[in-house]
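Participant: Sequence:
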Amino acid sequence: MSRNRKKAKTTVQSPSSTACHIKKLPIELLAEILLYSKSPKDILALARCSKYFCKTLLHESNQFIWRYVRKHCILEPLPEPCARFTESSFAALVFDDGPCEMCGKIVSVHKSFAVRLRICSIDCESRFDRLYSGGSRTKETHKIFEIALPVLETPSLSSIHYWPDIPSTFRYHDWISGLQDYLDASQNPVQFEQFINLNSRKGAEIKIYMQMCVALQKWERKYYETRTSTKEANLHFSKQLAAREGLNFWDLMNTKPYTTLFRQKNFFLETIQQSDFEVRKADINAELVQLAECRSQRAHETGYSTCRQAVEKHYNRLRTLKKELPLPCLPSFRELPTIHQIQQSTSQSHKQLDTMLKSEPISTLIHSELAKFHADAKNELAEVLGFPNWKSPSVKKLHPVERLSARFQCRTCHRVEAKYRDFDSLDYAGAIMHLCSVTSDKSKSVPPKPFNAGRFEKDTKAMAAIFALLQICGIEDDEVGSHELLSVIGPRITCLSCDGRIVMEPLDVIGHSHRHESMSLALLTSEEVNEILGPYPLSHGIAARLTIKGKSSLAMRNMKIYACRHCAQAKTSTSVTGTPLEITDLTSSPNTNNDTASSSSSTTNKPDAGPVVPKGRQPTLYIFDGLRSHLQERHNVDLIRDEDFICTKDLPQLTG
Numbered sequence: 001m002s003r004n005r006k007k008a009k010t011t012v013q014s015p016s017s018t019a020c021h022i023k024k025l026p027i028e029l030l031a032e033i034l035l036y037s038k039s040p041k042d043i044l045a046l047a048r049c050s051k052y053f054c055k056t057l058l059h060e061s062n063q064f065i066w067r068y069v070r071k072h073c074i075l076e077p078l079p080e081p082c083a084r085f086t087e088s089s090f091a092a093l094v095f096d097d098g099p100c101e102m103c104g105k106i107v108s109v110h111k112s113f114a115v116r117l118r119i120c121s122i123d124c125e126s127r128f129d130r131l132y133s134g135g136s137r138t139k140e141t142h143k144i145f146e147i148a149l150p151v152l153e154t155p156s157l158s159s160i161h162y163w164p165d166i167p168s169t170f171r172y173h174d175w176i177s178g179l180q181d182y183l184d185a186s187q188n189p190v191q192f193e194q195f196i197n198l199n200s201r202k203g204a205e206i207k208i209y210m211q212m213c214v215a216l217q218k219w220e221r222k223y224y225e226t227r228t229s230t231k232e233a234n235l236h237f238s239k240q241l242a243a244r245e246g247l248n249f250w251d252l253m254n255t256k257p258y259t260t261l262f263r264q265k266n267f268f269l270e271t272i273q274q275s276d277f278e279v280r281k282a283d284i285n286a287e288l289v290q291l292a293e294c295r296s297q298r299a300h301e302t303g304y305s306t307c308r309q310a311v312e313k314h315y316n317r318l319r320t321l322k323k324e325l326p327l328p329c330l331p332s333f334r335e336l337p338t339i340h341q342i343q344q345s346t347s348q349s350h351k352q353l354d355t356m357l358k359s360e361p362i363s364t365l366i367h368s369e370l371a372k373f374h375a376d377a378k379n380e381l382a383e384v385l386g387f388p389n390w391k392s393p394s395v396k397k398l399h400p401v402e403r404l405s406a407r408f409q410c411r412t413c414h415r416v417e418a419k420y421r422d423f424d425s426l427d428y429a430g431a432i433m434h435l436c437s438v439t440s441d442k443s444k445s446v447p448p449k450p451f452n453a454g455r456f457e458k459d460t461k462a463m464a465a466i467f468a469l470l471q472i473c474g475i476e477d478d479e480v481g482s483h484e485l486l487s488v489i490g491p492r493i494t495c496l497s498c499d500g501r502i503v504m505e506p507l508d509v510i511g512h513s514h515r516h517e518s519m520s521l522a523l524l525t526s527e528e529v530n531e532i533l534g535p536y537p538l539s540h541g542i543a544a545r546l547t548i549k550g551k552s553s554l555a556m557r558n559m560k561i562y563a564c565r566h567c568a569q570a571k572t573s574t575s576v577t578g579t580p581l582e583i584t585d586l587t588s589s590p591n592t593n594n595d596t597a598s599s600s601s602s603t604t605n606k607p608d609a610g611p612v613v614p615k616g617r618q619p620t621l622y623i624f625d626g627l628r629s630h631l632q633e634r635h636n637v638d639l640i641r642d643e644d645f646i647c648t649k650d651l652p653q654l655t656g
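Mapping of the sequence shown onto UniProt numbering: position 464 corresponds to residue 464, and the numbering continues sequentially without gaps.
No lab work stands behind these hints, which were simulated from the structure alone.
Hints should not be assumed to be uniformly reliable.
Stated by the list, open to error - Mimicking DSS-like on lysine-lysine, the simulated pairs with C-alpha atoms at most 25 Å apart in a straight line are:
1. K24 x K38
2. K207 x K218
3. K222 x K256
4. K218 x K202
5. K38 x K51
6. K351 x K378
7. K378 x K41
8. K71 x K38
9. K419 x K323
10. K256 x K71
11. K51 x K41
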């Protein structure tokens, strides 16, 4: 039987409150301070601060404080409370806010003190149906219990007529309850006599109560009318003051010193004088100066943001139109002198900036500055490759960073953009466009940094593989047009270091080289390629399409139409007849000579990875994720590439 486990109680530490020094005052001194307040509302608020003040101020011996403040209230003294109220409860009746009985909105004005009714608006008043007005239809017998019920002091807040000169209006449930008591008592003559006597006594009390409520209603109406007129007068004075001092009216009203003064004067029904402003003028001016500085800074930041957005838009336009290629990354583009100066033009609109960037003079300046950027970047990256201060008088020699063998990796993040995912390294265009995706503190958002050649290192594996590839193809690395010559060769390169006879495009060697510590390559003839590939030629870009996110790629991955080329193209005992070349030193730094790749006179026979698929027999089919698991477990291939698998159906037809 399992035991009931209870969670351990956690001790909740109450927040330490600051010491209340007013508690340390003697009651005589506290009373002297409170007698200077101009409204019982202040004493009521203090009494509700803590149990200490509640017990102290509600004590019978301290009722003189409430009484004195009530009689010296602002505007005019409050009426004397009737016997049913203490001084504190009377203050709560007058000054407490309450919800509107129709919509629940908190309001401070009473429609009726007698029946404790609050209505917030004329609309709510028109929909309020919980009142009963007998008027002239009231029966004489009903007056027996009606005299003991409270009624509305006035029909509406705008009326000049008050009780008892108006028809009686009761709360509906009060009148129904009184009628029921009347009917019950009328069944017994003795009880009815007692009922009449009781209501007579209550009627006398209600009369005194109603007189107090009428006086309160008149006081409240006068108070709010005076407060409204005082607020309008202070508002008019504030507008004149702002015009006289040359200030913005709303800025003046929103300053803390003047807002406090405005509210305080309105509360005490006093008008603001020029002397009140002069006392606070220094503080108000200091806050207005700070406000002006904040607005100026905000306007500058808004203009700067507009300039940066315009520059980014122009940068994307250049990329879309394929102008000034290769372009550096956006942070480097922003640091061009002309662009940097334009970004400081915070007073111009987005349209003006866009027109300026499209103009011929600015385009010419940007072109010349980009040319200087490329010259400096090439020299810095050439030094990374081992070609410091490289110069050549021949126009037929490629710059070291423009050669096929120029491959770079980022020291900081060791990642590449999606465009270079198949190569797992960067060329010159990729290096100047690269933005690091890793920061030292991942919890902070660090803005991307401009290009810096010191963040890059050469990709020795890829460079050694390219040197070997160019050697077996008979192409000079620094020869102008070497890119075109290599692309003409087509898918005739085979990796002798893999389990199977893997055939690939020449540039696929760059990404494939990271798979092996030591890799051998061979150049095949077209007949040998056709014999190895059979009915399944290489398809470029399928692996990238299948590994992206999306419903269509997920549907294609779940189709059982993929096969392993390492198994289907497994090696036989017959050696490869193509020209083999083994890369013996992948960690050495490739230089102008091609000694890093040495030819081997014979092909190294690799052990078979599995049974050879007989000709004419269909290879084993997998779903794509199953194929990835197979390649990882059987052939130690972590990153699947186009040359690793066969797709037995045409994917574009499947997606259509």
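Participant: Could you tell me which of the numbered hints above are not met by this structure, giving the numbers in increasing order?
Facilitator: 3, 6, 7, 10
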